[in-house]
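Participant: Please put together the full structure from these sequences, using the hints given.
Residue numbers 361 to 500, in my numbering, belong to the letters of the sequence shown in order.
If you are wondering where the hints come from, they were derived from the structure by calculation, not from laboratory data.
A few of these clues could be false.
To be verified - Ranges between beta-carbon positions, derived for each pair: (1) E430 to A376: 35 to 43 Å; (2) R386 to E449: 29 to 37 Å; (3) K369 to V486: 20 to 28 Å; (4) A500 to E430: 24 to 32 Å.
Treat the numbers as computed from the prediction; the structure is a model and nothing was measured.
A virtual CB, placed ideally from N, CA and C, is assigned to each residue, including glycine.
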Amino acid sequence: LWALYHSRKHLADCVATGRLGIEAARHEARPDVEIRMRNQVARAAYELGDLDHADAELAAAADLLGPAAEPRLNGVVWETRGLIALAREQPDEARELFERALEANRAVPDPHGVVVQSYNVGQALVAGGRWTAALDVLDA
Numbered sequence: 361l362w363a364l365y366h367s368r369k370h371l372a373d374c375v376a377t378g379r380l381g382i383e384a385a386r387h388e389a390r391p392d393v394e395i396r397m398r399n400q401v402a403r404a405a406y407e408l409g410d411l412d413h414a415d416a417e418l419a420a421a422a423d424l425l426g427p428a429a430e431p432r433l434n435g436v437v438w439e440t441r442g443l444i445a446l447a448r449e450q451p452d453e454a455r456e457l458f459e460r461a462l463e464a465n466r467a468v469p470d471p472h473g474v475v476v477q478s479y480n481v482g483q484a485l486v487a488g489g490r491w492t493a494a495l496d497v498l499d500a
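Facilitator: Quick look at the structure:
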């Protein structure tokens, strides 16, 4: 379903299919899959401008992080929460969330995720007017 969302931007379809995916994950007792599906629904809601819906999906996903206990999943949820914080003009909160996602990606290790989260940390620092700190992060 990621390709439906990420490449084609059929956002309403992503929300609808994501709901079905959440139900299927619950039926199969797969909290890891439910977290990913909720994150996809949250991303689509975020892009549709429905930040409250996105927050609600991520709150439900965060409740499952303990049972899933996988650093990559923590990072996925924290990254999307960071994007929402940026959209709400809360750069300090966004930076903290992106830093948590960055550490999760380092723990996996996921080099691509580290690059993406470093960029996100820099983006949050720029949004907070901390240009030099952003350059330091991006030069590392």
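Participant: If a hint holds in the structure, say so; if it does not, say that too.
Facilitator: We went through each hint and held it up to the structure:
1. E430 to A376: 35 to 43 Å: violated (26 Å)
2. R386 to E449: 29 to 37 Å: holds (34 Å)
3. K369 to V486: 20 to 28 Å: holds (25 Å)
4. A500 to E430: 24 to 32 Å: The hint (24 to 32 Å, Cβ to Cβ) holds, given that A500 and E430 are roughly 26 Å apart.
The structure does not agree with numbered hint 1 stated previously, though it agrees with all others.
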